[in-house]
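These protein sequence lines are chains A and B, in that order. So for the first sequence, our numbering puts the first residue at 7; every next one is plus one. So for the second sequence, our numbering puts the first residue at 8; every next one is plus one.
Hints are computed from structural coordinates only; laboratory data are not their basis. Predicted model only: the values in this text are computed from it and were never measured. C-beta atoms are modelled at their ideal positions from N, C-alpha and C, and glycine is treated no differently. It is possible that part of the hints are untrue.
[Claimed, not checked] If you only want the chain A side, here are some residues facing chain B, beta carbon under 7 Å, derived:
| id | residue |
| --- | --- |
| 1 | L30 |
| 2 | A64 |
| 3 | R94 |
| 4 | L98 |
| 5 | R100 |
| 6 | F277 |
| 7 | D343 |
| 8 | R345 |
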Amino acid sequence: MAAFIERAAENGGEVLYLAGAWRLQNVPAIAEALRALSLPAGAGFVVDGARLESLDTAAAFTLLRHLAGLGCRPSMVSARGFGVPQERLLSLVRERMAAPPARGRSTHLGLVQGVGAAALHLATLLRSHIAFVGTVAVEILALARRPRLFRPRETASQFEAACLDAIPIVALVNFLIGVVLAYVLGMQAQRYGANLFVADGIALAVCRELSPILGSVLVAGRSGAAFTAQIGTMKVEEEIDAISTLGLSPVQVLVIPRLAALVLGLPLLVFVGDIAGIAGGMLVSAWQLDVAPEVFLDRVHGVLEMRHFVIGLGKAPVFAVFIALIACRMGMAVARDARSVGQNTTSTVVQCIVWVIVLDAAFAVLFQHMGL
Amino acid sequence: MHDGVSFALRRGEVAALIGGSGSGKSVLLKEIVGLQRPSAGRIELFGADVWRSSPRELNALRRRFGVLFQDGALFSSLTVAENVAVPFRENTDLPMNVISPMVGLKVALVGLPADAAAKLPAQLSGGMRKRAALARALALEPEILFLDEPTTGLDPVGAREFDRLVRVLADGLGLTVFVVTHDVDLLLSIADRAIALGGGKVIADGPVAVLREAPDPWLRDYFAAARA
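Make the full structure from the sequences, and use the hints.
Below, the structure is given as structure tokens:
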């Protein structure tokens, strides 16, 4: 490779002859060549560019920075033999590089700082959730006074997207869980010749716990994420501000229809899940455990008291309120950039699933104490 | 959308593509930089046909030009300095201790204060975001700079400052600049040449002073708006 720089003494002064392609891809080699010259500090130089093939800002910057590092003031460096464009480039770089080099990386917090920041974040999040619940409650009261404010069309379209469109996936997941449960319970029950008791286990587990939980988790992932992304994107596009300036309430237009759709829709999905789960268990029982479908269903009728079914169904609207409020709230809390939409959507799904399971555990304890 | 549009850019000129809304300026720009395939015709950059190049050749071409998108298109999760460092990190083998000062130079070249480098794009004003995006576009020493509506959304003072910056950089770095715009003031202050699109055709192409006197009714209205 050609030498990028040569040093010569002429007329008692140091002359640096630049040669070759002074371009970005050669910057490491150029820097190496500059260091290898071990130029004296504090001396003046003449820089000759007559042999240059090309010069770009990166290479010019490397040279000027090296000379500045040696303590050369701009007045001590004179240029000769450069083309007019190259002279302009050199003077532009020299003029602008006076500013201190940019530092700036995304900040990474230490462990203690991280824990502290997360705790503060959680506290503000909870506080703003509570404030949001209050706002929505006030709007619901307003709705009760003036039912005309209700938006049936918006609610219907949300109901379709959040509930009707989710029926196949909810049915499939619950059916498969019924199948898995039947296998697991069947393996144990078969040893004691208690095949029929599989029906008890499946009917209770599916109706009371699994269908509400699975339905809620699926809805949190499907509709909760969609709510946050929709509302968040509207926030970014300033559509929510537009709604307000048109004299409408964003809560009435965006939140209450979604809340109503989920409160109505989730129990329906849980019901679908109950049927699918029992059907899955019934199929495996007939196939692997020699329990005929009519025997299985008869047993389910016998053991599945109404209260189990109602408890399962009754938890659904509570879960729905949490999912809808968290999702809408996180959508409204989006900042005006693309990254924020993604972060809040992720956060929605995580918060919804955690809350559903926390609530379910609370219900389990409560019902146990009430003897249900 | 376009019908018989043809023009060639000369090295080192600042050319502006003007035309009313919906005349296909932005589409043409996307076709030139290899983002949207034209239904017919040829686009050559540095003598290579953009749409007949292999992906590898196209990427080699792309390293020789920079694009400034309308809203800057900075990566919102990265700071300004990290944004400017992206092209260096992805396209060169330079070590970080070479890249960092280079990033500092680019940030200074576009006239951003040094403390802007540590900020996220969301923390900057519109004009500063455009400057930061320009720094990123200039990172790999492009020979051509494509600008899409660079002054849209800037206040008049900020817009004129941005014009001056583009002109200084074009002269200082020997850049060829191709700017898509509907800003008359930008045209009058920095463009050497204007190409006017209308009805899918080039309705005028030449020095700005010549276009000002052109008989075309749309151009007359366009320049009349500037005199008002």
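To see whether the hints hold, each was checked on the structure:
The restraint placing A/L30 at the interface with chain B holds, with a minimum CB-CB distance near 5 Å, inside the 7 Å limit. For A/A64, the shortest C-beta to C-beta distance to chain B is roughly 6 Å, which falls under 7 Å, so the interface hint holds. Because the smallest distance between the Cβ of A/R94 and any Cβ of chain B comes to about 5 Å, under 7 Å, the interface hint for this residue holds. Of the supplied interface hints, the one on A/L98 holds, with its beta-carbon coming within about 4 Å of a beta-carbon of chain B, less than 7 Å.
Taking 7 Å as the C-beta cut-off, the interface hint given for A/R100 is violated, the closest approach to chain B being about 11 Å. With 7 Å as the threshold, the beta carbon of A/F277 stays out of range of chain B, its nearest partner Cβ sitting at about 42 Å, so the hint is violated. With its C-beta approaching chain B no nearer than about 4 Å, A/D343 sits inside the 7 Å limit, and its interface hint holds. Because the beta carbon of A/R345 sits about 4 Å from the nearest beta carbon in chain B, less than 7 Å, this interface hint is met.
Of the numbered hints listed earlier, those contradicted by the structure are 5 and 6.
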